[in-house]
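> Take a look at the letters that make up each chain.
There are 4 protein chains.
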Amino acid sequence: MKVRVAVNGFGTIGKRVADAVARQSDLELVGVAKTRASFEARRAVERGYPLYVAGSGDPQRFADAGLPVAGRLPDLLGRADVVIDAAPEDVGRENRALYQAAGVRAVYQGGEAADVAEASFSALANFDAGRGKRSLRVVSCNTTGIARAASVLARWGVERWDVTLVRRAADPAESKRGPINGIVPTFEMPSHHGPDVRTILPDLPIATTAVVVPTTLMHVHVNHVRLRRPPASAAEVVAAFRATPRFLVFAPWEGVDGTPQVMEFARDRAGERGTASADVMENVLWERGVRLTGSELYFFQAIHQESIVVPENVDALRAMFELAPNKDVSIAATDRSLGIAHA
Amino acid sequence: MKVRVAVNGFGTIGKRVADAVARQSDLELVGVAKTRASFEARRAVERGYPLYVAGSGDPQRFADAGLPVAGRLPDLLGRADVVIDAAPEDVGRENRALYQAAGVRAVYQGGEAADVAEASFSALANFDAGRGKRSLRVVSCNTTGIARAASVLARWGVERWDVTLVRRAADPAESKRGPINGIVPTFEMPSHHGPDVRTILPDLPIATTAVVVPTTLMHVHVNHVRLRRPPASAAEVVAAFRATPRFLVFAPWEGVDGTPQVMEFARDRAGERGTASADVMENVLWERGVRLTGSELYFFQAIHQESIVVPENVDALRAMFELAPNKDVSIAATDRSLGIAHA
Amino acid sequence: MKVRVAVNGFGTIGKRVADAVARQSDLELVGVAKTRASFEARRAVERGYPLYVAGSGDPQRFADAGLPVAGRLPDLLGRADVVIDAAPEDVGRENRALYQAAGVRAVYQGGEAADVAEASFSALANFDAGRGKRSLRVVSCNTTGIARAASVLARWGVERWDVTLVRRAADPAESKRGPINGIVPTFEMPSHHGPDVRTILPDLPIATTAVVVPTTLMHVHVNHVRLRRPPASAAEVVAAFRATPRFLVFAPWEGVDGTPQVMEFARDRAGERGTASADVMENVLWERGVRLTGSELYFFQAIHQESIVVPENVDALRAMFELAPNKDVSIAATDRSLGIAHA
Amino acid sequence: MKVRVAVNGFGTIGKRVADAVARQSDLELVGVAKTRASFEARRAVERGYPLYVAGSGDPQRFADAGLPVAGRLPDLLGRADVVIDAAPEDVGRENRALYQAAGVRAVYQGGEAADVAEASFSALANFDAGRGKRSLRVVSCNTTGIARAASVLARWGVERWDVTLVRRAADPAESKRGPINGIVPTFEMPSHHGPDVRTILPDLPIATTAVVVPTTLMHVHVNHVRLRRPPASAAEVVAAFRATPRFLVFAPWEGVDGTPQVMEFARDRAGERGTASADVMENVLWERGVRLTGSELYFFQAIHQESIVVPENVDALRAMFELAPNKDVSIAATDRSLGIAHA
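Just so you know, the protein sequences line up as chains A, B, C and D, in that order.
Positions 1 to 343 (our numbering) are the ones given, in order, by the first sequence.
Positions 1 to 343 (our numbering) are the ones given, in order, by the second sequence.
Positions 1 to 343 (our numbering) are the ones given, in order, by the third sequence.
Positions 1 to 343 (our numbering) are the ones given, in order, by the fourth sequence.
Don't take every hint at face value.
What follows is a list of derived Cβ distance ranges for each label pair [said to hold, decoys possible]:
1) B:Gly132 <-> D:Asp58: 43 to 49 Å
2) C:Glu28 <-> D:Glu94: 23 to 29 Å
3) D:Ala63 <-> B:Pro195: 35 to 41 Å
4) D:Pro88 <-> A:Arg229: 45 to 51 Å
5) D:Pro88 <-> B:Ala129: 47 to 53 Å
6) A:Pro205 <-> D:Pro252: 25 to 31 Å
7) B:Ala129 <-> A:His342: 45 to 51 Å
8) B:Glu89 <-> D:His192: 21 to 27 Å
9) C:Arg160 <-> A:Gln60: 41 to 47 Å
10) A:Gln60 <-> B:Ala129: 46 to 52 Å
11) D:Ala63 <-> C:Asp26: 39 to 45 Å
12) B:Pro88 <-> D:Glu89: 24 to 30 Å
13) B:Glu28 <-> D:Pro88: 25 to 31 Å
If you're looking for bench data, these hints aren't it; they were derived computationally from the structure.
Glycine residues also receive a C-beta, built at the ideal position from the N, C-alpha and C atoms.
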């Protein structure tokens, strides 16, 4: 019997997670909730997802738009075993009482503070911490990217890790956010991303700083790591990243010079091997962008803020409901379903 | 027996046309030619398209990248009935002698001058002009957008049409082109787009001007048309656009405020109803962006420069080889195969 | 005896108008009012402008920042004959009662509705309409640009004028406004700019449409005018613009391809001939961007949204207080003081 | 008797250096050389700088533009004691033979390799190294910014310094350079900036990495320094930067959130206290952007790529010709003349 999953919020994260859930053989998408009629709500209907009205939404607006709704959020919760909360930042916490009242488990996103849930989660790093929990929090896109990389670096022992996060200022469809021309430092130093990683990897000696730049495509992390037991060569590092699920490493001959070509690659890939979306759910590295000098490792990684947490939400459900014996099995199933499994 | 199609050039247009050809039941994609190994070349191999080395390309580079090649461009031409030339601007003309020597027919793109081919082509506007031709030129993205709209407006009689083309400065993956911040007027006034439309619709009283702006997503046309026999209302205009293939009209409640949301819609749609790509091959209009004052019609349309000519290339092949009795049959077949057919 | 001028609001417009007023021999800047301490408030102090606290501003905040204040806005109004309202859009109207209570005259900006003042004003177009008025409204940047051009075109008779306004999305320092990548149509068609021009030139047969694009530098107007009594050549049109105050026309050899180079020119000019600012208070045209075909005139003009209304505010004061016998005398005095007078 | 200075190249750097030289009482600007007529060449004439034709430039083009020229580059060199080479990258090296043949000393820019000159130079860091030299190389904008900061940090002992350079992709007037939307990593890791700083400070334990982002305004450096003898507080660090020439530190209340407001500040400042330009020749820091945790210091600094090397070029001349007894005297004179001296 499948675990019945509701998705509350159908924006950037919610719509992707709903699509991913719908592709799993051990999960059933019982519906999605949305506040307003929009082209995204219409698409939920076209995909056959039962549509519910969330929060203060007005069902009449949906009716006027010709979009049939199946009820309100509480109705949806009544049909689910678990809800994925994909509401805007800080609204997840407000929703918590609602979920508890409905007796459903909940997966929150990284925009909420860590104490919203019993544990923070990232599949490669701490899958087992999610087992049997009634609530989990999938960490944010940047934290997910760091936690994944930490899983690779652990074999060499991280003595000290500095990351500069060069953050995209807005998602592609957020047309009211700027800056159009300029760089805005994040004056929280070190930034909150380091402590957030430590909700998953408590002892990681990491310090993060951040700036915001006028692009919509991806974040880029500039990493400098001192390793305790360094590998023999950068090639060994590249091979380790290549061998790990949810990493994509471009070779020099591929002509991928930066995030514009990474997203072009993603658009080309859509539809191949079952990859329906134009997303990049993997951490993206470049062979040319990995350099080892003694025990000092430098590498760039690009993070697709819109989609990187999508497979993590699926794995979080598997961990909660103990649907997989271990992380490797869960990750492999998720990645195959999303078309991002390694060959 | 299927018409055997080669695609020479596998960049922005070529890769999309190849995918489209591969989806047609009356066409066979016999191979694609590319100058350099790249992530796009790798994808051709992964999709199972026979890969040939174009122009001055070095086969060893492909071998070094692990990409098997089936020969050089002349070998490909030897296996084809027709070639779609998707080479960079002005290279198409240079390739013409090669195509003629190989005895294959050819479809050129709008970057070439009109006299590269026997006729210029746009399916809605002049499908029949393509019948039996040995060479055709599919007009450029902006010209295609205008020619399509002209097919709708014709019923009311166009007395005078002014278009300001607000052009995207670069495609998403062209990361070396600017400007980053600024507007650049096109000092050719009226611009070449008007005369280019008249290669298809010789009598259209149109004048176009253009500026280039720092975006990668879509062009936007600002149209002002004086009509001879105006319709009763803007709603009638909207209905006419909605009823025409290759037009997509957003309703106010959909929340599509500009090109960022149009492309978001396209990414969401990828994978639905067989629409594998995140492209928008339709002219995009907004109900709110159509206004009629007496005989004066104002409307905006957005044009996805990367993909709008893709279905036109397919129809050009059908016209050339007389694979369809008329434009309606050809367009319907093409649009169904690409997932953009009206319901 | 000089007219005593207060400036209420010290943002993009207010700070420039204050600087301009300070340079006039017949006006005295008695102070500026600002809501919050900031680098701009500090600069007012450094320039020696008496600083007053506007609206709900807290004097303690200024004290904490080490910025001496001379009182609150009502104190400033008590020392002035006239106030230039440079408050944010719609706040000007709220301020009106305050100004009337203080018995001062007022000049409002174009963000306010036309009925905020006795008349709308643009120096070249209707200087005399401002004579002796107790309140005036200087029209917005785009309307000012159109009204000025209309003053040149009038000699040939305007039969019909279509303008597409390609608008900058944010000012350079407005780092929270987008879009970063995309074009947003203005769904008011024709846009409000046409009716706004007619508050000054009631019979002008103009229709305007607008799109917003991701740049911070300047607006660009794409103009198409049908003339009743067309001149002999485009050169005659260029000469007429060149001979008119507040027009700047670039020659082809100057290498000014778009708004980035126009603003570069402005930065270079700062400090020359008394032009202290890096602004472009003139309408900017290009010789290459003027084309005449029979009675059809096409031309581009670029409008520096931050500064173009600055000299108009000065002239509005001269008209109100009858400090100049006619517009030519006022404009010449203003332009000399600002370093933008023709040789 | 003044040292006679020629400036070869009148683009972004050359025009600013020429203006700065013209403001010095111990230097005489004997002329500038430029390849092409342009708005910038016209401005040289308007400022009264003798204009010479550089390189392969055609004097007839200048004549056609109405710009009087005084000869060719060799003529200019014949009238000078020293030339500032502000030619495009790598052209400086080609010019070297010309300068040597003319018997003039030369100052090169940081785009040239270090061995173009006898020594590399940055005033705060190694003024005395320039004394009496016949050729000097002023290091590039980013290297200058780092070298200046190093001069402040030296008092606490730098054990290790990591810098991520978030680089602007193009200057404001370079309208053909991208990317428009995306981040491009610099795959040279560590980047050349570290070794370049060591041409001045040979023992500095610094490692730099870089990304390019779509903005034109300023670079931002994200710094992480481990100090040997850390100060007591971040406030002590801020005070040290504030007390050093060519540093500008914004307080929290000033409302400067990022580079857009820094450049707004610069435009406002133009004309004040003799600061004719809208440039920021100082390293820019933020109080909020300095954080000390034990011996770990984090700070952001913004670097105005167009102008930061301008005062350095002036000081290089003073060092070469021993016009000042020490760096403090030279720097103070330069900064006063440019309006950037501390109060």
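> Against this structure, judge whether each hint is valid.
So, going through the hints one by one against the coordinates:
no., hint, verdict
1, B:Gly132 <-> D:Asp58: 43 to 49 Å, "violated, 54 Å"
2, C:Glu28 <-> D:Glu94: 23 to 29 Å, "violated, 57 Å"
3, D:Ala63 <-> B:Pro195: 35 to 41 Å, "holds, 36 Å"
4, D:Pro88 <-> A:Arg229: 45 to 51 Å, "holds, 47 Å"
5, D:Pro88 <-> B:Ala129: 47 to 53 Å, "holds, 50 Å"
6, A:Pro205 <-> D:Pro252: 25 to 31 Å, "holds, 30 Å"
7, B:Ala129 <-> A:His342: 45 to 51 Å, "holds, 50 Å"
8, B:Glu89 <-> D:His192: 21 to 27 Å, "violated, 35 Å"
9, C:Arg160 <-> A:Gln60: 41 to 47 Å, "holds, 44 Å"
10, A:Gln60 <-> B:Ala129: 46 to 52 Å, "holds, 50 Å"
11, D:Ala63 <-> C:Asp26: 39 to 45 Å, "holds, 43 Å"
12, B:Pro88 <-> D:Glu89: 24 to 30 Å, "holds, 27 Å"
13, B:Glu28 <-> D:Pro88: 25 to 31 Å, "violated, 52 Å"
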